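Novice: Listed below are the residues making up each chain.
2 protein chains.
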Amino acid sequence: MKTVDFFFDFSSPYSYLAATQLPALAARAGATIAYRPFVLFAVFKAAGNDMPAKIPTKGAYLFKDLDRWARHYGVPFRFSSHFPSNTIKAMRMVHVAADQGKAEAFSQAAFRAMWAEDRDIASPETLAELARGVGLDAEAALAAIETPAIKDRLRADTDEAITRGAFGAPAMFVGDELFWGNDRLHFVEEALKG
Amino acid sequence: MKTVDFFFDFSSPYSYLAATQLPALAARAGATIAYRPFVLFAVFKAAGNDMPAKIPTKGAYLFKDLDRWARHYGVPFRFSSHFPSNTIKAMRMVHVAADQGKAEAFSQAAFRAMWAEDRDIASPETLAELARGVGLDAEAALAAIETPAIKDRLRADTDEAITRGAFGAPAMFVGDELFWGNDRLHFVEEALKG
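Protein chains in written order, with the numbering used here: chain A, 11 to 204; chain B, 11 to 204.
Heads up, a few of these hints could be off.
Note that identical chains are pooled: a pair holds if it fits in a single copy or bridges any two copies.
[Claimed, not checked] Straight-line alpha carbon distances no greater than 20 Å define the calculated EDC-like cross-link-like pairs of lysine to aspartate or glutamate that follow:
#, residue 1, residue 2
1, K55, E200
2, K112, D193
3, K68, D186
4, K99, E127
5, K55, D130
6, K74, E200
7, K55, E127
8, K112, E200
9, K74, E187
10, K161, E187
11, K74, D186
12, K74, D130
13, K55, D186
14, K55, D162
If you're looking for bench data, these hints aren't it; they were derived computationally from the structure.
Computed from a predicted structure; not experimentally measured.
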């Protein structure tokens with residue numbers, strides 16, 4: 011069974027869009043999704059890249075483009091009033107969830123919280139609610155994300171993505187092949203089926 | 011009948027990919043294509059943008075991505091050994107061709123020359139061949155591209171695209187709506203049919 015390594019940051023709206031499509035895509039391809047958050051700021055820095063919205067006309071365009079994709083997919087979307095948000099703790103919590111087989115449930119819930127429900131996923135209260143919502147012990151999860159072991163896993167995945175050639179989000183790998191962006195999901199599906 | 015304003019630079023491989031698809035797309039939508047070359051370097055400069063390949067890992071990725079799209083479309087593609095090429099004269103010649111109802115024929119021929127046949131479209135010899143190939147008087151066309159009137163038209167279209175919000179290529183407009191990139195053709199088609 012093939013796997014797509016799905017590297018994302020909750021702060022990336024195009025990663026959210028990709029996340030809304032990947033479960034059905036993986037099911038069609040008989041593949042699995044590895045939810046692997048990375049720190050997009052660190053990826054940009056390592057690659058010599060920058061936030062796309064640093065270019066004013068591009069920023070204005072991207073707002074419209076995001077709405078078009080959401081409508082195209084038929085998924086809820088509202089540009090987060092908390093953007094740019096510190097998503098580090100939420101991303102660490104994916105690893106805590108992963109240890110209980112809940113990486114997908116937690117990741118999808120956190121993406122929706124940020125990009126459909128306009129909730130502040132940087133706040134411990136929201137994180138606790140999201141944790142409870144997928145059946146985690148919220149207090150234990152909030153404690154775990156402050157441990158060196160969990161912090162190291164987020165750093166290690168970020169470093170791995172950079173080493174494998176990621177320069178933006180989402181970065182999806184099927185074996186050695188990198189696919190960048192929500193707009194390359196059809197190529198991801200081909201690679202998983204190939 | 012709706013029109014898509016197709017702003018492109020022959021130096022842009024993603025513009026070539028879009029050009030391979032637009033005639034059939036326009037036919038399906040019952041729309042027309044306005045071939046409007048612009049000077050991508052000037053667009054980047056005005057927008058505060060830069061060539062995507064300035065980021066090394068992104069440059070490496072884009073080579074693979076271009077090949078995937080060409081295979082996906084079933085069109086010939088070979089990364090130009092003349093890149094980055096001075097495409098100004100070829101783009102001026104689109105205007106000369108337009109005056110004889112041959113903007114599409116010339117644009118498509120020049121795109122193929124650069125991105126499928128690895129020819130040097132900066133050279134007067136190649137331009138003369140391309141002009142003759144679509145039924146233009148090659149000598150007259152080479153003279154015309156040095157006239158202020160033709161030079162001004164390329165500048166004016168470049169300025170117009172910048173004013174309308176373009177920051178990269180291809181930039182396609184349906185009315186006020188901007189669509190950026192070969193990977194947004196499905197949205198262009200929707201807009202033309204809407």
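Novice: Of the numbered hints stated earlier in the document, which are not met by this structure?
Specialist: Violated: hints 1, 2, 5, 7, 8, 10, 12, 13.
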